[in-house]
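Based on these hints, arrange chain B on the given structure of chain A.
Next come the chains, spelled out residue by residue.
There are 2 protein chains.
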Amino acid sequence: MDLSSLIQKNNTKIVFIILDGVGGLPIDGKTELERANKPNLDSLARVSACGLHIPVDYGITPGSGPGHFGVFGYDPLKYEIGRGVLEALGVDIELQKTDVAIRCNYATKKDGLIVDRRAGRISTEKNIELTKRLSENIDEIDGVKIILKPGKEHRFCLVMRFKKEITEKHAMVKDTDPQKEGKPPFEPTPLNEESLEVSEIAKKFIRKAEEILKNEEKANYVLLRGFSALPDIPSFEQKYGLKACSIAVYPMYRGITKLLGMDTIPVQGDIKEEVEILKKVYKDYDFIFLHVKKIDSFGEDGNFEGKVKKIEEFDSFLPEILSLNPDALVITGDHSTPCLLKTHSWHPVPLLIKSPYVLGGTVNSFTERECLKGEIGIIRSVSIMPLVLANTLRLRKFGA
Amino acid sequence: MDLSSLIQKNNTKIVFIILDGVGGLPIDGKTELERANKPNLDSLARVSACGLHIPVDYGITPGSGPGHFGVFGYDPLKYEIGRGVLEALGVDIELQKTDVAIRCNYATKKDGLIVDRRAGRISTEKNIELTKRLSENIDEIDGVKIILKPGKEHRFCLVMRFKKEITEKHAMVKDTDPQKEGKPPFEPTPLNEESLEVSEIAKKFIRKAEEILKNEEKANYVLLRGFSALPDIPSFEQKYGLKACSIAVYPMYRGITKLLGMDTIPVQGDIKEEVEILKKVYKDYDFIFLHVKKIDSFGEDGNFEGKVKKIEEFDSFLPEILSLNPDALVITGDHSTPCLLKTHSWHPVPLLIKSPYVLGGTVNSFTERECLKGEIGIIRSVSIMPLVLANTLRLRKFGA
Chain A
1 MDLSSLIQKN
11 NTKIVFIILD
21 GVGGLPIDGK
31 TELERANKPN
41 LDSLARVSAC
51 GLHIPVDYGI
61 TPGSGPGHFG
71 VFGYDPLKYE
81 IGRGVLEALG
91 VDIELQKTDV
101 AIRCNYATKK
111 DGLIVDRRAG
121 RISTEKNIEL
131 TKRLSENIDE
141 IDGVKIILKP
151 GKEHRFCLVM
161 RFKKEITEKH
171 AMVKDTDPQK
181 EGKPPFEPTP
191 LNEESLEVSE
201 IAKKFIRKAE
211 EILKNEEKAN
221 YVLLRGFSAL
231 PDIPSFEQKY
241 GLKACSIAVY
251 PMYRGITKLL
261 GMDTIPVQGD
271 IKEEVEILKK
281 VYKDYDFIFL
291 HVKKIDSFGE
301 DGNFEGKVKK
311 IEEFDSFLPE
321 ILSLNPDALV
331 ITGDHSTPCL
341 LKTHSWHPVP
351 LLIKSPYVLG
361 GTVNSFTERE
371 CLKGEIGIIR
381 SVSIMPLVLA
391 NTLRLRKFGA
Chain B
1 MDLSSLIQKN
11 NTKIVFIILD
21 GVGGLPIDGK
31 TELERANKPN
41 LDSLARVSAC
51 GLHIPVDYGI
61 TPGSGPGHFG
71 VFGYDPLKYE
81 IGRGVLEALG
91 VDIELQKTDV
101 AIRCNYATKK
111 DGLIVDRRAG
121 RISTEKNIEL
131 TKRLSENIDE
141 IDGVKIILKP
151 GKEHRFCLVM
161 RFKKEITEKH
171 AMVKDTDPQK
181 EGKPPFEPTP
191 LNEESLEVSE
201 IAKKFIRKAE
211 EILKNEEKAN
221 YVLLRGFSAL
231 PDIPSFEQKY
241 GLKACSIAVY
251 PMYRGITKLL
261 GMDTIPVQGD
271 IKEEVEILKK
281 VYKDYDFIFL
291 HVKKIDSFGE
301 DGNFEGKVKK
311 IEEFDSFLPE
321 ILSLNPDALV
331 ITGDHSTPCL
341 LKTHSWHPVP
351 LLIKSPYVLG
361 GTVNSFTERE
371 CLKGEIGIIR
381 SVSIMPLVLA
391 NTLRLRKFGA
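Chains as they are written, first to last, in the numbering used here: chain A, 1 to 400; chain B, 1 to 400.
Only chain A is shown next, with the shape it has when bound in the complex (with noise of 0.2 Å):
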């Protein structure tokens, strides 16, 4: 269904919250969702159309890249986007189309072995030293210009800045860490034509990077993986008509959606911040999308008790989202986190849209059981959108 030829525009405003990895499992009987006292949340599921939406497919557990995509109409097995992009992105490195982007490991070599391929887990401090002396020496390979920074623990990411438009064939260069310890670690190789210089330029990188690392106890030598560049994809305002503004915490949301096209918003802080902008910003967007990220990471410890606290901290604020009176308002997740399993799963996320076009009445609460018996159904991710739209008017009859 090729839904850009109903596009019509309208002033209809959405709002649209992700409560990252929101979806759980019960511990003594009951999820996170149905431990939470959340009674605002509960009263506006009462009026709205409810469901579940499965991020990728039937036990398909996605990465934050892919239930981003999916949520938001872009279907992600379709769209993959790259582990390098999603790396910088990540550590808010602002991606160009001349960059290859490539997640890298400090790792411990001795006698040509790789030992530890995370060297012992070096402080994130000990690596932010570490990356800064890399930099220092290295600013450019081939006339090629170097961008790394460091990410937590043993984790940095490295941006080779082109001249020229990189397309994802000039970054098919295979992994070079082996994944097991005790074997040797492979060089960059190139996967076709295309690859070719990039898999010089990443050869050159790690002997230069062995030779500053060489006096490293642990972290004398780097593994890059998931060498990729930006994908091709049709921004937000193309593909509905929507203009659209990103309000996120963390440096990886606000990536993924100015991958998309999306104005992002920097925050300091937290639910409260991040409200306080939604209000600031409601008049100049069509679109806007909210994130709340610390629901996953209590998911990500087993923090059952402070994810519950995180829920009930967003329904606190719900009534002044409420107030602004959006045309359509949607609640979800982009993938389930459930404490018990501390880690994305593949479980169907609970969905909400509220709008003036809904049965509802079919739902008592805001909960992973109770949405099985909203008027949505359990629906494929990319579905959202499509409801969305409708909801605000937004699209043409199809057909006569």
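To be clear, the hints were calculated from the coordinates, so they are not data collected in a lab.
Ideal Cβ positions, reconstructed from N, Cα and C, are used throughout, including at glycine.
Among the clues, some could well be false.
[Stated by the list, open to error] Stretch-level coverage of chain A by chain B, calculated; a stretch enters the list once three of its residues show a Cβ under 8 Å from a Cβ in chain B:
id, segment
1, 106-120
2, 372-378
3, 394-400
Only chain B this time, still in chain A's reference frame:
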């Protein structure tokens, strides 16, 4: 899934009822179906397989063509019915495989510009008079027969009847309607080599019509849109092995079913007369389609009370229909037409299938919200026909 390889014939009978636009939305808490007092339909729902169907896709509002194609199991994304064809069917022109059908507007042209695309919405009576005048003066162009028939207000239909078979390629000519007032009309431009002939005849038709209408104050010009030919589509009998007929008051629905090779039985009157004909022809067909139009009409008017009353009227005839004891009885709509929206909508449509092979006992009444609890769930409209064939034991096992 290629159903045709599984089809087996038997003596079962299917009655398939479309309550056009039956799905609705709550006004003062209840939908049209929820407000209606319809004891027979509700009793039937309690012992039937219930669910909802999505005509085209999530969020997509279907026109009447896609809506009906879907419930008959023809994927509306694959089989698109041209607007000219639909218009011709709507004014009861019996289209042939040698025809190009075009929907036309009377318009006002001044100094080379279209100043009113609808000629001030002239009356239907005036339209009839003008179309008669055009017909009497334009019998054929370049040996191609010209058939004209008035529609409502400023609309009329033009059919070019060739002496050769016409495909959709022959009809690919650009609309002449500039879509905005104050602009000159477009010439009928061929969009490929095969459509050159049709575009030339269209040009001559426009010149002739302009000459004939030159003294008219408002309707002094004609705009041509939706050039189209009959789609190449397998018949209902080819597809399902069903000898089928359709009972419909409105020409468009007879036309759509005629496209699918059904026998079409014209009816004057409304539900009462339709049910009488159903009983009369029941023994002659495997599949009888009965179309109730007025429910949609009241929806389009936003007449909640009228739509409710019409549903209740249908309910009163249900015992008569049930007394035929068909092997499968289907009751659904081709799309929703909520009075709240006064137009077709994207909302899933309540669906009921009665046969000896259903679970039943899952819903209390035939409404949008109750059907959510049904054993069918929410399905794409194209899945209805396979279910109906299965419920009449007309599908063989797939695989060993």
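Hint check:
1. With 0 residues having a beta carbon nearer than 8 Å to a beta carbon of chain B, the segment 106-120 of chain A misses the requirement of three or more and the stated coverage is violated.
2. For the segment 372-378 of chain A, the proposed coverage by chain B is satisfied: 4 residues have a C-beta within less than 8 Å of a C-beta in that chain, meeting the threshold of three.
3. Restraint check on the segment 394-400 of chain A versus chain B: 6 residues with Cβ-Cβ distances below 8 Å, three needed, restraint holds.
Hint compliance for this structure: hint 1 is the single one not met.
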